[in-house]
Amino acid sequence: MNRMIVKSRIGSDGNLHLNVPIGPDDAGRVVRIIIEPENGKTKTQQEYLDFINATAGAWQGDFERPEQGEFEERDPLP
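Residue numbers (my numbering): 116 to 193.
I should point out that these hints are in silico values taken from the structure, not numbers from a laboratory.
Note that the structure is a prediction, hence the values are computed from the model and not measured.
For glycine and all other residues, C-beta sits at the position ideal for the given N, C-alpha and C.
Do not rely on the hints blindly, as some may be mistaken.
[What the hints assert, rightly or not] In silico SDA-like pairs for lysine to any residue, Cα to Cα no more than 20 Å straight-line:
(1) Lys122 with Thr157
(2) Lys122 with Val135
(3) Lys122 with Val146
(4) Lys122 with Lys158
(5) Lys122 with Asn154
[What the hints assert, rightly or not] Distance ranges between label pairs, derived from CB positions:
(6) Ala171 with Gly129: 40 to 48 Å
(7) Leu133 with Lys158: 23 to 31 Å
(8) Ala142 with Asp165: 42 to 50 Å
(9) Arg147 with Trp174: 35 to 43 Å
(10) Arg124 with Glu185: 49 to 57 Å
(11) Asn134 with Arg180: 47 to 55 Å
(12) Leu192 with Asp140: 29 to 37 Å
Please model the entire structure based on the sequences and the hints provided.
Structure, rendered in structure tokens:
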């Protein structure tokens, strides 16, 4: 079973009703459901493009890769 995100709206009665088709192969499986509010409004396509255009090429300086350290030797698997 894969992780999935389902968006739904709370009804006027204050209840959230979900109908999520999972499939018969996972029948009887225990799942975890996390409820969290969506964060703000969704950007329009133009707002997203404006953000990309404002940040594209904004990096100042050099890209650097720090030292990676020593390779860890491990015992071989049996």
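Each hint tested on the structure:
1. Lys122 with Thr157: Given pair Lys122, Thr157 holds - Cα atoms ~13 Å apart, limit 20 Å.
2. Lys122 with Val135: 11 Å, holds
3. Lys122 with Val146: Holds, because 17 Å separates the two Cα atoms, which is no more than 20 Å.
4. Lys122 with Lys158: 16 Å, holds
5. Lys122 with Asn154: Holds: Lys122 and Asn154 sit about 12 Å apart, inside 20 Å.
6. Ala171 with Gly129: 40 to 48 Å: 44 Å, holds
7. Leu133 with Lys158: 23 to 31 Å: 26 Å, holds
8. Ala142 with Asp165: 42 to 50 Å: 47 Å, holds
9. Arg147 with Trp174: 35 to 43 Å: Since the Cβ atoms of Arg147 and Trp174 sit about 39 Å apart, the hinted range of 35 to 43 Å holds.
10. Arg124 with Glu185: 49 to 57 Å: Between Arg124 and Glu185, where Cβ atoms are some 54 Å apart, the hint holds.
11. Asn134 with Arg180: 47 to 55 Å: 48 Å, holds
12. Leu192 with Asp140: 29 to 37 Å: Given range 29 to 37 Å: holds, Cβ gap about 31 Å.
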